[in-house]
Every structure is written in structure tokens, then in C-alpha cells.
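Residue numbers (the numbering used here), protein chains in the order written: chain A, 671 to 783; chain P, 1420 to 1532.
Hints in this document: simulated from the structure, not taken from any laboratory. All C-beta atoms in this analysis are idealised placements derived from N, C-alpha and C, irrespective of residue type, glycine included. Check each hint, because a few of them may be wrong.
To be verified - SDA-like mimics (lysine to any residue), calculated; alpha carbons at most 25 Å apart, straight line: (1) Lys-1490/P - Leu-716/A; (2) Lys-1476/P - Asn-702/A; (3) Lys-1428/P - Tyr-709/A; (4) Lys-1428/P - Val-1532/P; (5) Lys-731/A - Thr-1522/P; (6) Lys-741/A - Val-701/A; (7) Lys-1490/P - Asp-768/A; (8) Lys-1428/P - Asp-1478/P; (9) Lys-770/A - Gly-1422/P; (10) Lys-748/A - Glu-758/A; (11) Lys-770/A - Asp-1473/P; (12) Lys-1428/P - Glu-1443/P; (13) Lys-1428/P - Gln-708/A.
Claimed, not checked - Beyond 10 Å from chain P on every Cβ pair, some chain A residues (computed): (14) Leu-726; (15) Gly-732; (16) Ser-743; (17) Thr-756.
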Amino acid sequence: AQSVSQHNHHVILSEAASLELGCNYSYGGTVNLFWYVQYPGQHLQLLLKYFSGDPLVKGIKGFEAEFIKSKFSFNLRKPSVQWSDTAEYFCAVNAGNDYKLSFGAGTTVTVRA
Amino acid sequence: DGGITQSPKYLFRKEGQNVTLSCEQNLNHDAMYWYRQDPGQGLRLIYYSQIVNDFQKGDIAEGYSVSREKKESFPLTVTSAQKNPTAFYLCASLGTARIYGYTFGSGTRLTVV
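Extracted from the complex, chain A is given alone in its bound form (with noise of 0.2 Å):
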């Protein structure tokens, strides 16, 4: 069974500065991965997603995400955050064809203004 780990628990941070957010999994074959967001009180929103092909990935609100297969990594990152960055970000795998998507302890970003 596939999982995911996203390595810290909580990031604080000053506007303007850069986030990069980690994330491993645990799966040898084909992955599907998925960056995903929930602001406060709000519903959980896709940031990002890799299928296939290049693996830089970019996204909304200025974030990209880089797959690195030899390391089975997915690590998100933003060059300079702001105030509406605060959040909850999940990653999110889901191996080859299996419908299941398992997701990451999550990694809550408070940026400082």
C-alpha cells in the first residue's frame, strides 16, 4: 500500500519569503500526485497535479511542484509567499490506476505579515 509523508508539521514564515514544502511516497510503480490546499474554513482546493510529462509542475496562485522519481519525492514550493498563503497543504498520491488517493499528515503554513 502506498503512502505519503510530508515532513513538517508546521511552517512559519514572513511575507516575500520562499516555501518550499516536502513530500515523499512510498510506491515503486506509476504515481499520480496531487498538491492540495484548504484555507481556513474552507474546502480543500487542487494547487497542482502530475500525470505524466514534464515534471515541473506549475499551479495556481504562483505555486510549482518538481517530481523527483529517484527520490519518490513531490515537493512543493512557492518563491515568495504572502498573507492569503496561510493554509493547511495536503499531498496526495494515488498509485497507477488504483482509485484510492492517499494523502500526507498535512503541513500548516502561517505567513507573517
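Fit chain P to the given chain A structure using the hints.
Quick look at chain P alone, frame taken from chain A:
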């Protein structure tokens, strides 16, 4: 607008009672899912269904039951056998065109009183 509707938004239950959470989608998606969200644990899969009249246990199915009599509906019953039912419950769906990703509802917060 197409989407997933979860009701109610807040639900209170007395210990020993069963309660059913509603999830309806008008996206014509084949697959539907129930997740439980707890602080620091991310989203954990309870049950999922790939087609009508068929469903599979997820990682934490004990104390829960589901049905899938219609394509658009996937209700979750939290039974009295669930030892720690207070949580935030999320419903999701996935269409045949999986590249578009999973769609999530806005959730139901269940509190046992």
C-alpha cells in the same frame, strides 16, 4: 454549477446513536470517497465506491457503513461501534477523466455529545 453537496455542515450526536452523513454529486462521476480529517493526521480513507452497488473498505472502515444505490449519492453512516467519531468528514468524487483530479465537498463536522 456542478459539484458535491454534503449535509449537514454541523452535526451533533449522542453517544450510542447511529448518524448518517449525506453526500450528493451532480458531476456524473463514477467514483466516490469518504475521508475523515483529524488534526495532525491528514485525511484518512474510510470507504470508496468505484461504481453503483459496489464499495470497498478504506484504511479506517471499522465503525462505519456506506451504500451506493445511486450514482449521485454515497451516504456514510457512523455507527455506535465507532469509538471516536468526533471529526471532520469529507466526501469526494472522481470522474472517468482522472486527469482533472478529485473534487471535494465542503465537509460535515460531527461532534459526539
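Here is how each hint holds up against the structure:
1. At most 25 Å may separate the alpha-carbon atoms for a hinted pair to count; Lys-1490/P and Leu-716/A meet this at roughly 23 Å.
2. Distance hint between Lys-1476/P and Asn-702/A is fulfilled; the C-alpha atoms sit about 21 Å from each other, no more than 25 Å.
3. Only pairs whose Cα atoms come within 25 Å are accepted, and Lys-1428/P paired with Tyr-709/A is accepted, the gap being roughly 17 Å.
4. Distance restraint check for Lys-1428/P and Val-1532/P: the Cα-Cα separation of roughly 16 Å lies within the 25 Å cut-off, and the hinted pair is therefore satisfied.
5. Among the hinted pairs, Lys-731/A with Thr-1522/P is consistent with the structure: their alpha-carbon atoms are about 18 Å apart, no more than 25 Å.
6. A C-alpha spacing of about 13 Å is found between Lys-741/A and Val-701/A, which places the hinted pair at or below 25 Å, so the restraint holds.
7. Restraint check for Lys-1490/P and Asp-768/A: satisfied, since their Cα atoms lie roughly 19 Å apart, inside the 25 Å limit.
8. Pair hint Lys-1428/P plus Asp-1478/P holds up; C-alpha atoms about 24 Å apart against a cutoff of 25 Å.
9. Between Lys-770/A and Gly-1422/P the CA atoms are separated by roughly 20 Å; this keeps the pair inside 25 Å, and the hint holds.
10. With a CA separation close to 14 Å, the supplied pair Lys-748/A and Glu-758/A stays within the 25 Å bound.
11. The hinted pair formed by Lys-770/A and Asp-1473/P meets the criterion: a straight-line CA distance of about 14 Å does not exceed 25 Å.
12. Distance hint between Lys-1428/P and Glu-1443/P is fulfilled; the C-alpha atoms sit about 13 Å from each other, no more than 25 Å.
13. As the CA atoms of Lys-1428/P and Gln-708/A are separated by approximately 16 Å, the hinted pair is consistent with the 25 Å bound.
14. Taking the minimum C-beta to C-beta distance to chain P, about 17 Å, the non-interface status of Leu-726/A holds against the 10 Å cut.
15. Non-interface call for Gly-732/A relative to chain P: holds, since the shortest CB-CB distance, roughly 19 Å, exceeds 10 Å.
16. Every beta carbon of chain P lies more than 10 Å from that of Ser-743/A, the smallest distance being close to 17 Å; the non-interface claim holds.
17. Interface exclusion of Thr-756/A from chain P stands, the closest Cβ pair being 16 Å apart, more than 10 Å.
Every hint from the earlier list agrees with this structure, and none is contradicted.
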